[in-house]
Amino acid sequence: MTELEKLKRMFEEGLITRRTFLSTASALGLTAAISPAFLSEPANADEKVIKIGGAVPLSGPVAYWGISTMQGWVDGAAVINEKGGVDIGGEKHKLEIITYDTKGTVADARAATTRLVEQDGVKYVFSQAAASTIGMLQITEPAEVISIVACWGYLKIYGKDYPYHFRAEMSDYEQGYAYIPFMQEHYGKDKLQSAAFIGPDDQDGIDCHHSYQRLMEYYGIKDLGVEYFNWEDTDFYPIVTKTLKSNPDFIVTSPSPPGITASIVKAAREMGYKGPISSPAASETKTILEVAGEYAHDVVLPVTCVEPVTDTQKAIKARFIERFGDFNALAGNYSWWIYGLVAALEKAGTYEDTKAVADALAEVVLEDTYVGKVTWEGQNSFGIRRQGVYDCYTTLIENGKARLADVRYPELPDSY
Amino acid sequence: MTENTKMATGVWVAAVAFAFLLPVICGYDKYILHVGITIAFNIALATSMWLIWTLGFISFAHAGFMGIGAYTSALLFTSLGWSLWINMWIAAAVAALFAFVISIPLMRTRAVYFFMASWAVGEVIKRVFAYYRGIFGGWDGIFNIRPPKIDIFGLDINFTSRVAYYYLALVCCALIVFAIHRIIRSRTGAIYWSIHESEILAQHVGINVLKHKVIAFTTACFFAGMTGALYAHYHTYINPKTFDIWQSEFSLVHIIVGGLSTLNGPVLGATVLTIVDELLRPAGWYRVIFFGVVIILTVLFLPGGLETVPARVRALVARLRGRSD
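The listed protein sequences derive, respectively, from chains W and H.
Residue -13 is where the first sequence starts when you use our numbering, and the numbers rise one by one after that.
Residue 1245 is where the second sequence starts when you use our numbering, and the numbers rise one by one after that.
FYI, nobody ran anything at the bench for these hints, they're computed from the structure.
Careful, some of the hints might be misleading.
[Said to hold, decoys possible] Just the calculated beta-carbon pair ranges, DEER-fashion: (1) H:I1330 with W:K69: 58 to 66 Å; (2) H:I1269 with W:E130: 25 to 33 Å; (3) W:G211 with H:T1322: 26 to 34 Å; (4) W:E218 with H:R1377: 19 to 27 Å; (5) W:M257 with H:V1368: 39 to 47 Å; (6) H:P1547 with W:E218: 50 to 58 Å.
[Said to hold, decoys possible] Away from chain W, derived, C-beta distances all over 10 Å, residues of chain H: (7) T1282; (8) A1355; (9) A1364; (10) I1444; (11) T1486.
Where a beta carbon is used, it is the ideal one built from N, C-alpha and C, also for glycine.
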């Protein structure tokens, strides 16, 4: 008989009051629900273990990104452990993933990272989104802990002054060197002479607009301006109306999640706009197709592998569905991070000397991941190679149907 | 002094003593000290918000005034190089000055209108930080706000040390709580509660209600500004989102769960909920749900908040004694 059944019987027999029954049952339920989250797989006493910490948003508005990131690490660790673990100097080490929620705030990210570094003793952490990255870096860099993150802006906290900090996700800037050449080939260079930008009214929007401006300048496309929306906005018609006034050949919206991208697409098409709309941060098609419906046409989605093509991609998708019950292309994009770190650990032959691992990681090249070939770039721009760059799988939505339209490695300029 | 007052004083003394000994007890664990510092900030913000509550108002602009203090101190440090020791007081004064000006129209509103107006003020403060990029750094915020150093009789103390900052936060938090305690225990405190109970009646017995409301609001924001300065120099980075409406709402939850009727409430609420939130951190996406469950259970089974626990325990003990007799 379970504790709950015993409790129920006591209540029915009048041994406890309704209040006691309710409070104890709630406490039992809470404990039962919380236990799996607290408990991680115990490592064998004689097994060597490398702890990897995640300070990611698992709740709050950017939880979708955080959960996708965590799934990549959890899946990768399970696969590597099943194969015997990480080989460091001929000795096998198992991987243990410890993840804490940051709610997507700076203060929480700092607390979570402090706990990971000071109490759990991790030397490798991963994170997601700008706020969590800022909070994390305050702890990781002084402690010489390697951080692997997805963060597009805040370039003042990136580069050679942050040697342990790796930005694994391609920002919309690097993506631009793949999807803009694709768009020019697909739609014709002469038909893409001008562009306008729509982004959120916050630092992410400002940073993405800056990336967009640099790309427009590089490709000689006339920049017709920017309109910012608020995250609370649900009516995008006023912003799209203002954008269309300048009559752009195409629109870039970033970083706009799928729902907002769909609303912008719908509003633009309803108002008669015919040009393509690219959304480098959406990385998903289902919502766009559902929300925009018949208006979902000529929507360009870089770094979105809508349907696995290679055996590796198919295997990752199948594993994620089995392990997590679901799969999204964004989680697939993040799935290579752990393999990059493991390759660096094995190459460096140590997990304690994080400087050696960081140096090795910068040299890692992975040929076959969910995002194809992966390298680290940015030597000329940032004085250090810490930016992940990989094959850009671009999905195109045409007439309400999504298809993989292009795969290419970004044609980065020499100055990058 | 009654038996209960003696006991309450004893508990307070024990709590403060424990807080002062915490670094030694936890073996100078940086994470636990970080949680301690967070508790100190949350207590300072919740108690100062509670001071406004003694008038019967809940201000959703409170985190905004914390932001004014944080930005003032940060800008003085980054542009003039002034230390926290000076900035903290200027920050508090600037927050109080803005609060004074805003409170004159704000405090003429009541009930839901005050709620809406304070919400708007909080949002405007955040948007001003975001909009004036040249001054406040926009959404990007301000980086490199370093903690201070001090030389006491040849002894150099660098507050980049977690232990040193813990004691700084603790002392400032204790000062804020003590100041609010003295205000509430004075005749002024009695006036605040009388306004809380019946503003019209208070006015009819000769109390200048608007004056007291403005003073209380300004004083509370002075403490919020001071907390903001401490926060900025500890986290070394601030941005507008740090001081948005959610921060005020968290403080409100601390007060409600802790208890609304005495100063023990916000102190207990901020302490317990900060610890619970940290304990729930590994729960991942269940964290918010569990946190909500904890709050609902507290409200359901502890009407009056955590501050009523001692009285409940005493009543239970008395009942058990009665049964055994």
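Handout entry: Unsatisfied constraints (hint numbers, rising)
Key = 5, 6, 7, 11
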